[in-house]
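Numbering (the working numbering), first residue to last: 191 to 342.
Rather than coming from a laboratory, the hints here were simulated on the basis of the structure. Computed from a prediction, not measured in an experiment: that's the story for all the values here. Hints may be right or wrong, so weigh each one.
Claimed, not checked - Here are the computed distance ranges between Cβ atoms for each label pair: (1) LYS234 / PHE265: 15 to 23 Å; (2) SER255 / GLN342: 26 to 34 Å; (3) LEU321 / ALA236: 34 to 42 Å; (4) VAL326 / SER303: 30 to 38 Å; (5) GLN342 / SER220: 41 to 49 Å; (6) ASP253 / ILE335: 31 to 39 Å; (7) VAL334 / GLY218: 34 to 42 Å; (8) VAL316 / GLN342: 38 to 46 Å; (9) ILE212 / ARG320: 39 to 47 Å; (10) ILE335 / GLY211: 35 to 43 Å.
Built from N, CA and C at the ideal position, the CB exists for glycine as well.
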Amino acid sequence: MVNSKKYFYFCNSFANIMDPGILLHTIGLSKTRNRVNILKILEKAARPLSGKEICTGLYEKCDKSTVHRTLNSLFQKKVVQRVIIDHEVKYVLKRFHQNENGDKNDHIHFKCSRCGRLVCMTEIEVKDYRLPAGFVKEENQFLVIGKCDKCQ
Numbered sequence: 191m192v193n194s195k196k197y198f199y200f201c202n203s204f205a206n207i208m209d210p211g212i213l214l215h216t217i218g219l220s221k222t223r224n225r226v227n228i229l230k231i232l233e234k235a236a237r238p239l240s241g242k243e244i245c246t247g248l249y250e251k252c253d254k255s256t257v258h259r260t261l262n263s264l265f266q267k268k269v270v271q272r273v274i275i276d277h278e279v280k281y282v283l284k285r286f287h288q289n290e291n292g293d294k295n296d297h298i299h300f301k302c303s304r305c306g307r308l309v310c311m312t313e314i315e316v317k318d319y320r321l322p323a324g325f326v327k328e329e330n331q332f333l334v335i336g337k338c339d340k341c342q
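Could you build the full structure based on these sequences and the hints that come with them?
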């Protein structure tokens, strides 16, 4: 059994390092009010959010297409991570997860079917799979659903 102390819950990451304006400049995107506001919402979120949830949380009006274009730009720049939960794409500020050796790794996520908690399990590494010729992996999405240690 994996030691529960090695589990990392989804939480803000880039936000702890720098403010949204500096982050946007660092990744080569212009600082717009919408981008800053979207990053602030993701920073405060305790869980991954859908585009619709982000739209609802914005103080200033912003159309859905702008939110989705911004999320796609942030995904391409590796600032946010996409997680598919309950057949819906949700976004969370990307954490550069590391295993106990300090290596970055692809790993599974666990969703509790009772309380809805989403846990990032960096110690359970996803191995690369050999794909047929002509296929190229862009990302892995592994979600395990069950009851967490608090809901059993």
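Checked hints:
no. : hint                        : verdict
1   : LYS234 / PHE265: 15 to 23 Å : 19 Å, holds
2   : SER255 / GLN342: 26 to 34 Å : 42 Å, violated
3   : LEU321 / ALA236: 34 to 42 Å : 35 Å, holds
4   : VAL326 / SER303: 30 to 38 Å : 33 Å, holds
5   : GLN342 / SER220: 41 to 49 Å : 48 Å, holds
6   : ASP253 / ILE335: 31 to 39 Å : 33 Å, holds
7   : VAL334 / GLY218: 34 to 42 Å : 35 Å, holds
8   : VAL316 / GLN342: 38 to 46 Å : 24 Å, violated
9   : ILE212 / ARG320: 39 to 47 Å : 41 Å, holds
10  : ILE335 / GLY211: 35 to 43 Å : 38 Å, holds
When held up to the earlier numbered hints, the structure conflicts with 2 and 8 and fits the remainder.
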